[in-house]
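Asks: Order-wise, the sequence lines are chains Y and D. Letter 422 of the first sequence, counting from 1, is numbered 422 in our numbering, and no numbers are missing. Letter 21 of the second sequence, counting from 1, is numbered 21 in our numbering, and no numbers are missing.
In short, the hints are calculated from the structure, not lab data. Be careful, since some hints might not be right.
List of simulated lysine to any residue pairs, SDA-like, C-alpha gap at most 20 Å [what the hints assert, rightly or not]:
{"no.": "1", "chain 1": "D", "residue 1": "K166", "chain 2": "Y", "residue 2": "A365"}
{"no.": "2", "chain 1": "D", "residue 1": "K166", "chain 2": "Y", "residue 2": "T366"}
{"no.": "3", "chain 1": "Y", "residue 1": "K124", "chain 2": "D", "residue 2": "D214"}
{"no.": "4", "chain 1": "Y", "residue 1": "K315", "chain 2": "D", "residue 2": "A148"}
{"no.": "5", "chain 1": "D", "residue 1": "K202", "chain 2": "Y", "residue 2": "T77"}
{"no.": "6", "chain 1": "D", "residue 1": "K166", "chain 2": "Y", "residue 2": "R338"}
{"no.": "7", "chain 1": "D", "residue 1": "K202", "chain 2": "Y", "residue 2": "D116"}
{"no.": "8", "chain 1": "D", "residue 1": "K166", "chain 2": "Y", "residue 2": "D367"}
{"no.": "9", "chain 1": "Y", "residue 1": "K392", "chain 2": "Y", "residue 2": "A13"}
{"no.": "10", "chain 1": "Y", "residue 1": "K315", "chain 2": "D", "residue 2": "R146"}
{"no.": "11", "chain 1": "Y", "residue 1": "K124", "chain 2": "D", "residue 2": "P218"}
{"no.": "12", "chain 1": "Y", "residue 1": "K124", "chain 2": "D", "residue 2": "D215"}
{"no.": "13", "chain 1": "D", "residue 1": "K202", "chain 2": "Y", "residue 2": "E79"}
{"no.": "14", "chain 1": "Y", "residue 1": "K315", "chain 2": "D", "residue 2": "D214"}
{"no.": "15", "chain 1": "Y", "residue 1": "K392", "chain 2": "D", "residue 2": "V179"}
{"no.": "16", "chain 1": "D", "residue 1": "K202", "chain 2": "Y", "residue 2": "P114"}
{"no.": "17", "chain 1": "Y", "residue 1": "K124", "chain 2": "D", "residue 2": "T204"}
{"no.": "18", "chain 1": "Y", "residue 1": "K315", "chain 2": "D", "residue 2": "R52"}
{"no.": "19", "chain 1": "Y", "residue 1": "K315", "chain 2": "D", "residue 2": "L22"}
{"no.": "20", "chain 1": "D", "residue 1": "K166", "chain 2": "Y", "residue 2": "R369"}
{"no.": "21", "chain 1": "D", "residue 1": "K202", "chain 2": "Y", "residue 2": "P76"}
{"no.": "22", "chain 1": "Y", "residue 1": "K315", "chain 2": "D", "residue 2": "I158"}
{"no.": "23", "chain 1": "D", "residue 1": "K166", "chain 2": "Y", "residue 2": "A444"}
Sample of chain Y residues at the chain D side, in silico, Cβ under 8 Å [claimed, not checked]:
{"no.": "24", "residue": "F81"}
{"no.": "25", "residue": "N97"}
{"no.": "26", "residue": "F106"}
{"no.": "27", "residue": "I227"}
{"no.": "28", "residue": "S332"}
{"no.": "29", "residue": "T366"}
{"no.": "30", "residue": "R369"}
A virtual CB, placed ideally from N, CA and C, is assigned to each residue, including glycine.
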Amino acid sequence: MLVLDSLTVGFGAPEPAVADVSFRLAPGEAAVICGAGGAGKSTLLAAAGGIVPRLVRAQEFSGEIRLGGRLMREWPTPELFSAVGFVFQNLDDQLWNLSVEDMIAFPLENRRTPRDEVRREVSKVIDRFGIRRLAGRQALTLSGGERRMVALAAAFAAEPDLLVLDEPTTGLDPQARGRLASALGEARAARPGCTMLIAEQDAASLAQVTERALFLAGGRLVGQTSISDAARNNEIWRTAGVIAPGEALRRRRPGAVGPTRLAVSGLRSSLVRPGGAPVLQDVSFALSAGEIVGLVGANGAGKTTLFQTLLGLLKAAAGSVALDDADAASWSPAQRARRIGYLPQNMRRVLFNMTVLEEVVFAMATDTRRVADPVIRAEALAALEPYGLADKAEVNPFALSAREQGLLGLACVEAGGCAVAILDEPLIARDRAGRALLGRFLDASEAQGRAVILISHDLELVDDVCARAMVLADGRLAFDGPTGAVWDSGAFEALGWPKPYAQEARAA
Amino acid sequence: MSAAHRLNFFVKLAGATLVMALAWAAPGPYWSALAAGLVIAGLAVTRTPGLRAYLKGALILVALVVASWLLNLSIQGMALGEALPIAIRMAARLVATTGAFFFVMETSTPGAIMAAASAARLPAMATLALSLTFGLVPMLREEFERIADAQRARGLEIDRAPIHVKLRYALARGVPLLVQAVRMAHAISVSFATSGFDPSVKRTTWRRVGLFVDDRIPEDK
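Take the sequences, apply the hints, and build the full model.
Replies: Next up, the structure:
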C-alpha cells in the first residue's frame, strides 16, 4: 500500500512543485496521474518512489509517505529500491550502455539472485514483453520505443511492490502502446500485489490497466476519480489543463497555399536495413509555403532516416532534394539547416550553447558572438517572449524542463525564419497550454510561408492540425493525400492502428 | 559478435599489455612497425567497431609523432637518415599500444566487464569503477559526435571550414560535453541506486564467465 499524506516538495521556486498532496493506493491498485507539463507529475512520482529527497535533495519537503505501512524515510536505501521499480521519462541516462539482458538482470544481480534463476527470470520477461529480437543488443543501438520496452521489462523483472512509470508511452507508436498495455496487464496478473503509479498524458491508452485517475494542476491534486468516470467527465481534464481523451481541438490549416518550398524526388537512402534493403526507397513529395503536413509511420519505418537525409546528415544514394527550387545536392548539412529547422523529440540532442539566449541568437545568426549586438539581442528576447522563456534567457538550456526545451526549439525555428520546419513528436502538444503554443507556432509558420512536417504517433493531433497527411511504411511513402482520407486508406489500415477518435465514435 | 570480442575482459587486458610490452621491447624500427601492422591487421580481422575512425586518429598520431621526433632530433644535431628510424619506431610503438587497447575498449561492454570483475571477486566498488570507466567512453564519444551533428543540423559550417576553424569548433564542443558528462554521471548514479545497487554487497551475474563471457541468454526451445 502507498499512502501520501500532505506531501509538499519544493526546489527553491516561489511555489512548491508539489503542494499538500494526499492520496492512498491499495496493494495491487493502479493509478494514472494526469496533468499538464510542469504540473508536478514527475516530482510527485520521484517523491512517491523515494528518489526525492533521498537521492535528489529538495529545499522544501514536508508531509509523510508510507510504503507497505512503513514510513518511506525509515526504509534502508537498497531495501527501498528493491521494493520500488522506477522507469524515468528520459531513458538515455537510465539505461546508459548496458545490453538488453544486463539491464533486465541488473536489479536481480544486485539482490544476489543465483545465476540460473536470473537467466530464467530474464528470459521469461524478455518473452513476456516481446523483445526477444532485441536480445544481445546494447542500449545505445536501440530506438526510443525499444529502449522504453526494455526499461519496463527491467522494472518488472525486479518484482517490485510499487512500480512507478513516468510517461511510459512517450515515443511509442499506437501498436507499441497496445503492446505496452498488454504487457502491463500480464505483469499485473502475474504479480497481483504490485501497486502502480503512472504519470501519463495519454491516459486512454492505459485505461485497461489502471483503475484510478488523479489530476494534478499547479502541483495540487485537483481531482481523483475512477478511470471509467474520468472518461465521461471532460471537465475534470480541463481543470487539470489536459486534453480529454477523444476531445477534438480541430483547427486544420488550409492545404497548399504558396510556392513550393521543399521538393523531394526519388529519394533513396544509403543507409540499409539488416536485410540489405535501403531504409528509404523512392520517396517523393513536395511541400508548399504555409502547408502543415502530418507524417505517420510505425517505429522503424524510416522517419528518422528521412529527415536526416533531408538535412544532409545521411547521404542519399539516389534522388534529389530541392529547397525553394534550388537543388541542395551540393549543399553541406549546415547550408541545408539554414533553410530546414529541425526539432527532435528530445531537444537535448540539438542544444549546445551555454544560455537560452545564445541558442536563439545562434538560430538567427549561426554565431553566438552576435549576442553582444543589442539589435540581435533584442530580437532574440522578443522571439522568446511568446513562448514564456524571456525570463530564462540567461539560464543554461540543459537546466530547462523537457517542455521548456521543446518551446525553446519552436522559438529558435521561428526566429531563424526557416523555409521548412520538421517537428518530430512535439510532446508539448499533449496538454492544452502546449497545444495552444504549438498552434501559435503553426499560425506564425503559415503567416511566414513556412512549410511544416509534423511527425507524430499522436493521430488525434495530426487529425486536428494537418490538412494533409503522409504514411511512411518500410521506407516508402505509402499514402500522401488529404487528412480526411488517410484514416480510410489501405496504407493506414496496414499499420493496424486504431483510427483517431475511434473509441469516441464507437461510444457515440 | 566474434569469439575474440567475447574473450574475458581480463584476458583482453593482459593480451593488450603483452602486445604493448612486445612493441616497446622490439629490437628495431622494423620489428616495431611489424607489431603495429599486426595489431591493425588484428583489428580488421576481428572486425573491431570504429576501426575507420581509429585509423584516421592513428594516421594523425603517426604524423605528429614522426614530425615532432624528427624536429627534436634534428635540433640535437642528428642526421635525418639516423633520426627517421627512431621516429618511426616511436610512432609504431604508440600505434601498437593504442591499437591493442582500442580493441579492449571497443569490444568490452560494461556488462561483460562487470561480469568478469564479479567472477574475479573484485570488490563491488572496483567492479563499478571499471565498468563505468569503459562504459562511459563510448557514450561520451557518441555525445561528442551528437554535438557536432547538432551544430551541423543547426547551421554551423563544420564540414567545409578551414582546419583551424574546425579545431576551434571541436574545442567549443568541450564545454557542453563536460556539462553533459556531469549530468550523465549524476543520472547514472541515480539509476544505479534505484536499481538497488549496494557497493557493500557482492553482486551475482547472469553471464557464464571463463576464458569467454556469455553475451546473450539462449532462447528456450
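Asks: Does each hint hold? Answer for all of them.
Replies: Hints and how they fare:
1. D:K166 with Y:A365: holds (18 Å)
2. D:K166 with Y:T366: Roughly 15 Å between the alpha carbons, so the hint for D:K166 and Y:T366 holds.
3. Y:K124 with D:D214: holds (18 Å)
4. Y:K315 with D:A148: This hinted pair holds, its Cα atoms lying about 16 Å apart.
5. D:K202 with Y:T77: holds (16 Å)
6. D:K166 with Y:R338: Holds, at about 19 Å.
7. D:K202 with Y:D116: Holds, at about 17 Å.
8. D:K166 with Y:D367: holds (14 Å)
9. Y:K392 with Y:A13: holds (13 Å)
10. Y:K315 with D:R146: holds (17 Å)
11. Y:K124 with D:P218: Satisfied, since the Cα-Cα distance of roughly 12 Å is no more than 20 Å.
12. Y:K124 with D:D215: holds (17 Å)
13. D:K202 with Y:E79: holds (15 Å)
14. Y:K315 with D:D214: violated (36 Å)
15. Y:K392 with D:V179: With Cα atoms ~18 Å apart, Y:K392 and D:V179 stay inside 20 Å; holds.
16. D:K202 with Y:P114: Between D:K202 and Y:P114 the Cα gap is close to 12 Å, so the pair holds against 20 Å.
17. Y:K124 with D:T204: holds (19 Å)
18. Y:K315 with D:R52: Holds, at roughly 18 Å.
19. Y:K315 with D:L22: Violated, at about 42 Å.
20. D:K166 with Y:R369: holds (17 Å)
21. D:K202 with Y:P76: Holds, at roughly 17 Å.
22. Y:K315 with D:I158: holds (16 Å)
23. D:K166 with Y:A444: violated (35 Å)
24. F81: Since the shortest Cβ distance to chain D is 5 Å, the answer is holds.
25. N97: Check passed: Cβ of Y:N97 comes within 5 Å of chain D, closer than 8 Å.
26. F106: holds (5 Å)
27. I227: For Y:I227, the interface hint is violated, since the closest Cβ of chain D sits about 27 Å away, which is over 8 Å.
28. S332: holds (5 Å)
29. T366: holds (4 Å)
30. R369: At about 11 Å, which exceeds the 8 Å cut-off, the nearest Cβ of chain D leaves the hint on Y:R369 violated.
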